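**Q** Sequences are here, hints too, so could you generate the full structure?
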Amino acid sequence: MQKKLGAGEVFAILLGAIIGWGSFMLPGSQFLYNSGVINTSIGLFCGTMAIIVIERSYWYMLQQDIDEGGEFSYILIFMGRKSAFVVGWFLFLAYLSLVPLNATAFPLVIDKLFPGILNVGYLYTIAGDPIYLGEALVSVLIILFFMALNLKGIKQSGKFQFVIVAALVICILVVFVAMLFQADMGGFREHYVDNNSFHLGQVLQVVAITPFLFIGFDAVPQLVKDMGVSRSKASLMAVTSLLIGMGCYILLNFTTGLAYGPEEAKSLDWALGSGVLEHLGLIGFLMLVIALGSAVSGGINGFMICSTKLICAMGRENILPRQVGGMTERGVLKNAILAVSVISIFACFFGREVVTWIVDMCSFGAAVTYFYVCLNTFRIAKSKPDRILGSVGAILAFLFMLLLIVPYSPAALSTPALIFLSVWIIVGAYFFIRMSLADKRKNNIIQKEEKK
1 MQKKLGAGEV FAILLGAIIG WGSFMLPGSQ FLYNSGVINT SIGLFCGTMA IIVIERSYWY
61 MLQQDIDEGG EFSYILIFMG RKSAFVVGWF LFLAYLSLVP LNATAFPLVI DKLFPGILNV
121 GYLYTIAGDP IYLGEALVSV LIILFFMALN LKGIKQSGKF QFVIVAALVI CILVVFVAML
181 FQADMGGFRE HYVDNNSFHL GQVLQVVAIT PFLFIGFDAV PQLVKDMGVS RSKASLMAVT
241 SLLIGMGCYI LLNFTTGLAY GPEEAKSLDW ALGSGVLEHL GLIGFLMLVI ALGSAVSGGI
301 NGFMICSTKL ICAMGRENIL PRQVGGMTER GVLKNAILAV SVISIFACFF GREVVTWIVD
361 MCSFGAAVTY FYVCLNTFRI AKSKPDRILG SVGAILAFLF MLLLIVPYSP AALSTPALIF
421 LSVWIIVGAY FFIRMSLADK RKNNIIQKEE KK
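Following the UniProt record's numbering, the numbering of the sequence shown begins with 1 at its first residue and continues without gaps.
The hints are simulated quantities; they were obtained by calculation from the structure and are not laboratory data.
Predicted, not measured: the structure shown is a model, and the values here were computed from it.
Computed Cβ-Cβ distance ranges for the label pairs, DEER-style:
1. F346 to K448: 38 to 48 Å
2. G121 to Y408: 40 to 50 Å
3. R434 to L282: 48 to 58 Å
4. A438 to G6: 34 to 44 Å
Just so you know, even glycine gets a beta-carbon here, dropped at the ideal spot from N, CA and C.
**A** Right, dumping it as structure tokens:
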């Protein structure tokens with residue numbers, strides 16, 4: 001039997017999953033140019049508050065006797081296999097796609113330190129993105145490292161996660177404080193304060209992607225059988241991780257804004273890194289790279305843990321091949337870990353552009369899951385406050401979905417992302433029909449046996 005995860009390790013898994021590659025890249029590529037500093041901060045705050053409302057339904061879920069499949073197991077118990085399939089299918093997409101996303105980010109981290117060193121062994125080009133063997137091998141090796149770490153048991157993964165997340169938060173704070181002393185505050189006010197006003201469209205652009213930015217707070221249900229802390233305390237840690245995650249996103253966006261105006265930030269490959277290097281020198285840049293490497297590592301490890309827990313539960317219910325639900329004598333989900341690792345390695349060879357399209361769907365998949373959890377809480381909760389929060393959470397999750405799929409929405413998914421989403425739904429429909437027919441055959445056999 002494996003040792004239980006301590007409070008620090010559970011918290012590190014949650015926060016490490018929330019603060020990922022996007023927190024370091026989005027300030028330059030999207031936040032500052034589209035929404036500035038103030039509207040981005042408002043959007044992050046509003047999105048976080050909405051997710052905290054949704055988390056209340058997760059708190060209620062944790063009070064039930066659920067398995068380590070988390071949301072999937074919760075919906076399975078109270079809404080049946082068909083609804084559980086929908087939740088599991090979209091959550092599987094959201095969790096699993098974030099493993100190769102972070103793994104393919106590692107070569108980019110190395111490229112920031114040693115430009116072009118991995119651009120060897122050209123293989124092919126997909127969607128305008130050249131795929132090099134050097135970059136792919138680094139991604140593969142990173143996945144294999146975390147696969148080996150998880151095969152040792154979740155306690156070892158938790159310890160490693162605690163170390164890298166501590167380094168992540170410390171480095172972000174140090175870099176931010178240093179930038180406050182070195183940057184031109186007059187330029188910052190000119191670009192982001194004096195000529196800035198509240199803009200609903202700019203705020204909604206940020207709000208709409210918060211399900212993707214903060215996916216990871218919901219890791220608690222997946223860890224429910226491995227925690228050495230109470231479920232109420234774990235729920236409080238989820239809320240705390242959301243608030244700290246929001247703070248880190250705001251600080252990193254603020255840090256980038258201290259260095260560049262919105263147009264200049266948009267024109268740079270990595271505005272945050274360039275700004276820190278320019279103002280703080282190599283030492284500051286190395287601290288930022290350590291933070292980025294920690295964020296990427298925390299994302300890979302956190303989502304590998306969540307993915308394996310989820311598909312193991314789905315395998316045990318015969319929704320996925322039953323073999324992935326196997327467990328060793330030490331309680332290690334070996335087959336699930338291997339399955340997640342193999343799929344992630346395969347995805348790395350499609351290139352980062354394609355992986356990014358797939359990840360763009362994560363917000364929708366996460367919103368679908370949140371909707372079901374909140375809807376079910378509304379259905380079964382006995383107290384009026386829980387029912388109200390469940391209904392509000394379901395409405396918020398539904399609005400998240402609409403913002404992503406309604407044409408001309410400020411946060412509408414790109415055409416490639418919508419195509420991939422359609423393909424995922426079609427493939428899911430095939431497995432759904434297959435599962436339904438198998439269940440029907442099983443019920444017919446049971447009925448015949450009962451008649452005898």
